[in-house]
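Engineer: For reference, the chains in residue letters:
Protein chains: 2
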Amino acid sequence: MVDTIETDETSRLIASNKVEGTAVYNRQNERLGSIYNFMVDKKNGQVEYAVLQFGGFLGIGNDYYPLPWSILSYDTSQGGYVIDLDKDVLEQAPRYSAGNEPAYDKNYGNSVYDYYGVTYPY
Amino acid sequence: MVDTIETDETSRLIASNKVEGTAVYNRQNERLGSIYNFMVDKKNGQVEYAVLQFGGFLGIGNDYYPLPWSILSYDTSQGGYVIDLDKDVLEQAPRYSAGNEPAYDKNYGNSVYDYYGVTYPY
Numbered sequence: 001m002v003d004t005i006e007t008d009e010t011s012r013l014i015a016s017n018k019v020e021g022t023a024v025y026n027r028q029n030e031r032l033g034s035i036y037n038f039m040v041d042k043k044n045g046q047v048e049y050a051v052l053q054f055g056g057f058l059g060i061g062n063d064y065y066p067l068p069w070s071i072l073s074y075d076t077s078q079g080g081y082v083i084d085l086d087k088d089v090l091e092q093a094p095r096y097s098a099g100n101e102p103a104y105d106k107n108y109g110n111s112v113y114d115y116y117g118v119t120y121p122y
Numbered sequence: 001m002v003d004t005i006e007t008d009e010t011s012r013l014i015a016s017n018k019v020e021g022t023a024v025y026n027r028q029n030e031r032l033g034s035i036y037n038f039m040v041d042k043k044n045g046q047v048e049y050a051v052l053q054f055g056g057f058l059g060i061g062n063d064y065y066p067l068p069w070s071i072l073s074y075d076t077s078q079g080g081y082v083i084d085l086d087k088d089v090l091e092q093a094p095r096y097s098a099g100n101e102p103a104y105d106k107n108y109g110n111s112v113y114d115y116y117g118v119t120y121p122y
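Top to bottom, those sequences are chains A and B.
Under UniProt numbering, think of the first position of the first sequence as 1, with each following residue one higher.
Under UniProt numbering, think of the first position of the second sequence as 1, with each following residue one higher.
By construction, these hints were calculated from the structure, which means they are not laboratory data.
Treat the hints with caution; some may be incorrect.
Stretch by stretch, here's where chain A covers chain B in the computed footprint (C-beta under 8 Å, at least three residues) [stated by the list, open to error]:
(1) 8-17
(2) 39-47
(3) 77-86
Quick reminder that beta carbons are idealized off the backbone N, C-alpha and C, glycines included.
When you get a sec, could you build the whole thing from the sequences and use the hints?
Structural biologist: Quick look at the structure:
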């Protein structure tokens, strides 16, 4: 694309379109999936979930796993996000399939964040 | 794309990839441009800027105008964001061209937010 700009990351900030599509690994170096998108509070601009895409084949049958933004850390040497998470734990995690998206209300937030051992702060 | 999910917005949250590309209008119903992407704090997940793309032709010669997230409001009847901003004011606003991105440090944040009459809170 001709309108791509180059600085999509500073020491402190990252561009939304750089986050999307970025691979996610665990500490055992297993690829867990990639970031599909992330959900932002319309009013205060706080990112509540990064949505991991995982499973399926060529995009068919994918499941979507909302993650607390805070458990992701970017590892430049991996070229992706690293989270401290066993594949087995991810496989039991809250997820949804296309067309079955959650309401993303406070109850849902509590259950997702709880699963990853993080307090839902919103 | 087969992996597109449908719920990209709830009453409270919006998906990152729905924000990108969304048209921006002012209160006089003039189209100011569209959201190119937005810049997120890597640690705390706070969106600091939505970047408006404006000017140029077919993406060549575009300028990028970082805006405080808080001045954008989504108008479902317009199918886009509305900001209270004259075109003349936007034309004088802080901007950069491709390849000339700012450092996005605190000084820059203060000057951008000041221009729009908002206190830079980060």
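Engineer: Each of the hints needs a verdict: does it hold here or not?
Structural biologist: Verification of the supplied hints:
1. For the stretch 8-17 of chain B, the stated coverage by chain A holds: 8 residues have a C-beta nearer than 8 Å to a C-beta of that chain, and at least 3 were required.
2. Counting residues of the stretch 39-47 of chain B whose beta-carbon sits less than 8 Å from any beta-carbon of chain A gives 9, enough to reach three: the coverage restraint holds.
3. Counting residues of the stretch 77-86 of chain B whose beta carbon lies closer than 8 Å to any beta carbon of chain A gives 0, which falls below the threshold of three, so the coverage claim is violated.
The structure shown violates just one earlier hint, number 3.
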